[in-house]
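> From first to last, the protein sequence lines are chains A and B.
By this note's numbering, the letter at position 111 of the first sequence is numbered 111, and the numbering carries on one by one without gaps.
Going from the second sequence to this note's numbering is simple: count from 1 and add 1000.
Incorrect hints may appear among the rest.
If we take Cβ atoms under 8 Å as the criterion, some of the chain B residues that face chain A in the derived model are [as the list claims (entries may be wrong)]:
1. PRO1005
2. ALA1006
3. ALA1010
4. GLN1030
5. VAL1032
6. LEU1153
7. THR1231
Listed below are several chain A residues computed to face chain B (Cβ distance under 8 Å; list not exhaustive) [said to hold, decoys possible]:
8. GLY112
9. SER307
10. ILE322
11. ALA356
Covered by chain A, per the in silico footprint, the following chain B stretches (three or more residues, Cβ under 8 Å) [claimed, not checked]:
12. 1136–1149
13. 1168–1175
14. 1197–1210
15. 1233–1243
16. 1269–1275
17. 1299–1309
It should be emphasised that the hints constitute simulated quantities derived from the structure, not laboratory data.
Beta carbons are placed, not taken as given, at the ideal position from N, Cα and C, and that holds for glycine.
2 protein chains.
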Amino acid sequence: MAASPAIDAARVIADLRELDRRTGGEGGAQRVCWGDVWREARDFLGELLAEIDLAPDRDEAGNLWAYLPGEADPALALGSHTDSVPNGGWLDGAYGVMAALGVLRAWSTGGGKPPRTLALVDWADEEGARFGRSLFGSSAFAGSLRVDDVRELRDAEGAALPEVLAENDVELGRVLDAGSRRGRLAAYLELHIEQGPVLEREGIPTAAVAGCVGIERHRFRISGQAAHAGTTPMELRRDAGLAAADAALRIEAIGREHDGMATTGVLRLEPGIPTAVAGEAELIADLRQADPGELAAMLTEVRAVVSDAAEARECGSEADVIWRIDPIPFDDDLVIAARAACAQVSGTDRQLTSGALHDAAEVARLMPAAMVFCPSIDGLSHAKEENTSDEDLAAGIEAFGALANRLLANGEPLA
Amino acid sequence: MAASPAIDAARVIADLRELDRRTGGEGGAQRVCWGDVWREARDFLGELLAEIDLAPDRDEAGNLWAYLPGEADPALALGSHTDSVPNGGWLDGAYGVMAALGVLRAWSTGGGKPPRTLALVDWADEEGARFGRSLFGSSAFAGSLRVDDVRELRDAEGAALPEVLAENDVELGRVLDAGSRRGRLAAYLELHIEQGPVLEREGIPTAAVAGCVGIERHRFRISGQAAHAGTTPMELRRDAGLAAADAALRIEAIGREHDGMATTGVLRLEPGIPTAVAGEAELIADLRQADPGELAAMLTEVRAVVSDAAEARECGSEADVIWRIDPIPFDDDLVIAARAACAQVSGTDRQLTSGALHDAAEVARLMPAAMVFCPSIDGLSHAKEENTSDEDLAAGIEAFGALANRLLANGEPLA
């Protein structure tokens, strides 16, 4: 078996900067999936693969694959996504794809044939920025995508998803066939920026990700009585806006009590004018927790406090689910290996649960998967200000490379 | 001196129904000032005046006047406004104009020459529905309108106020000349629906109005940090939306504690999406109280709680005044006379402060003024559902007629 070659982090960062030069710039990343700039990003990825004599290959869902054959199969897959939100950050997604390429490049140029085949994957439409459906390509691969749920989706200009897919040579009716590649893979690793402030606050350059939180996203409509701000005494009001305000504060407390996250980023009033008591209010609660029992308890309590807050002001309330997903824990052995790789590179041993979803969550339904995070400056992401110091970027890349090499060197836990 | 003739309430109600038939109907009143339907309403008023051999006369601000000469001058003025909000109620404004006409009709047809000249006035653009400037005609008459403040106003279609006024033969630069008629008037009386739920709840068909509340309307902008709902732990958030929610609940408490009204009908979040902590929030507080000291105290406390609520979440806050008006008490003697007239008609003795503004508030800056209210069913107004029982409408009209006759019969307090 060949010696494990070290990943060239400086080259990976240089590739990211060149990608940003070609597909981003002043206004931020513009690699929205299924569009011209995203295709340019993939063209650049194709150029980089060609440097090491690899050619990309696409599956039925538009995911891009490249394989560096090894001594054994199935493959160890490494990847993330090149697509971005509009005016997004240069690192979100691209960081993991370029690092995956860095691992293939290290073996291809300096390590000889790897002990196990390496697969690079660039998942299609992780962000769902155009049609509102995140994790499109990875969920098609995992078989969790329900084609009928997305068939009618249209973008802001009214273009239909099936037509836009067809422009990219993807046939909606066949996207689940991407799952036929599952058998070629043994495990999946992904490097990503944290997109939150935790690691920066703690001064930790690399960390293992233990899994992704579950999410309960629910809409509450509170109905009171619109009334004149000047002629309706306080004691005769049925103010739906104040009921929603009360509920929002109590939802926050539920998030804290359960060590989860509870966000009320939407609070809309009707009629929404200065001279009228709000007759209607819409409140959306987004609840996240890694533990399924805690998440369920949060939801039960949130429903109760909204109902209570509405009744306290003689308002009615209705709830409907917008979206939900169960918590997805990553593979214990891979998480331990990821912690060891991070400790090796940065001397720190930290694991955290991702509060955002990633393609790895979809893949983890099928096979062992794990992730490595590096810090985000000020916790910012999905914005042109998204950034990470070169030092932390390099640490993350090196930890990811070390993790891949650990798994390649040790048949377990890929057996 | 002639005997005081009783007003014909049934005829006044019939006139109102005919006005509604001509200018309102299923969708509600459409007498938005400066438009065709409003002009049709005034044409109808002209027809009714012609029946008693009076011709309308307009001042420089577009207010419509008619004078029934009496034994003495200056005149006792009676009026309200024919204009309405879009899809508004059939009674708001028109009720008082038709009742004023009823008083002139009673004297003209059955009472001989009144002891004092009677002036009917239909104020222009009380609602401000098209350009957002309420009490246009009455404030021009009172001299409180600042022409430079309204010169740049445009309607929703972009039409400029000065041009729309010109279509109605009103020259903006001359509207304050309407004040030259002030000397012709001794006092002003106005009948109006309450537009709130108080009288209906108390079962009182007519009441005297002691004055209009003062209003402090202020906008607060709270600045925190927009952040990802999944990657930002609760303890690291600077949630501007929750700061605004907290402030709104505390503003409500201030309204109750000061026996005033405090409304937060506008609460807007940015970015306002389910997956982001709100980085910015806009909150508008509308505060009303009849006592100037209480109103000032409310404003001081509201500013403090917004600032506190923001600081508690490490947010900044800024405030700016949108609009303010001092409380306007009506003339003590006229209010006493109005209570006596209401007691005479309905056997109840109640006075209340109007939480909405009326033309009478502008006129009260110059001369003794008072108002009479009748109930609004369910407190509704500015909506097609606005209504009052025929019995209560008649009681209000009769109390208003009795009040006018009291003042005509007794030189005081008009001397």
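> The structure should be examined with respect to each hint, and the outcome stated for every one.
How the hints compare with the structure:
1. PRO1005: Because about 33 Å separates B:PRO1005 from the closest Cβ in chain A, which is outside the 8 Å limit, the hint is violated.
2. ALA1006: With Cβ-Cβ at 30 Å, over 8 Å, it is violated.
3. ALA1010: 27 Å, violated
4. GLN1030: At about 19 Å, which exceeds the 8 Å cut-off, the nearest Cβ of chain A leaves the hint on B:GLN1030 violated.
5. VAL1032: 17 Å, violated
6. LEU1153: B:LEU1153 check fails; min Cβ-Cβ to chain A is 17 Å, beyond 8 Å.
7. THR1231: Hint on B:THR1231: holds, closest Cβ of chain A at ~3 Å, below 8 Å.
8. GLY112: Violated - the Cβ of A:GLY112 stays beyond 8 Å from chain B, reaching only about 39 Å at its closest.
9. SER307: 17 Å, violated
10. ILE322: 7 Å, holds
11. ALA356: Holds. Min distance 4 Å.
12. 1136–1149: Violated, because only 0 residues of the region 1136–1149 of chain B bring their Cβ atoms closer than 8 Å to Cβ atoms of chain A.
13. 1168–1175: With 0 residues in contact (Cβ-Cβ under 8 Å with chain A), the coverage given for the region 1168–1175 of chain B is violated.
14. 1197–1210: holds (count 3)
15. 1233–1243: Our answer is that it holds, as 7 residues pass the Cβ test (under 8 Å) against chain A, meeting three.
16. 1269–1275: holds (count 6)
17. 1299–1309: With 0 residues closer than 8 Å to chain A, the region 1299–1309 of chain B misses the three-residue bar; violated.
Of the hints listed earlier, those the structure fails to meet are numbers 1, 2, 3, 4, 5, 6, 8, 9, 12, 13 and 17, in rising order.
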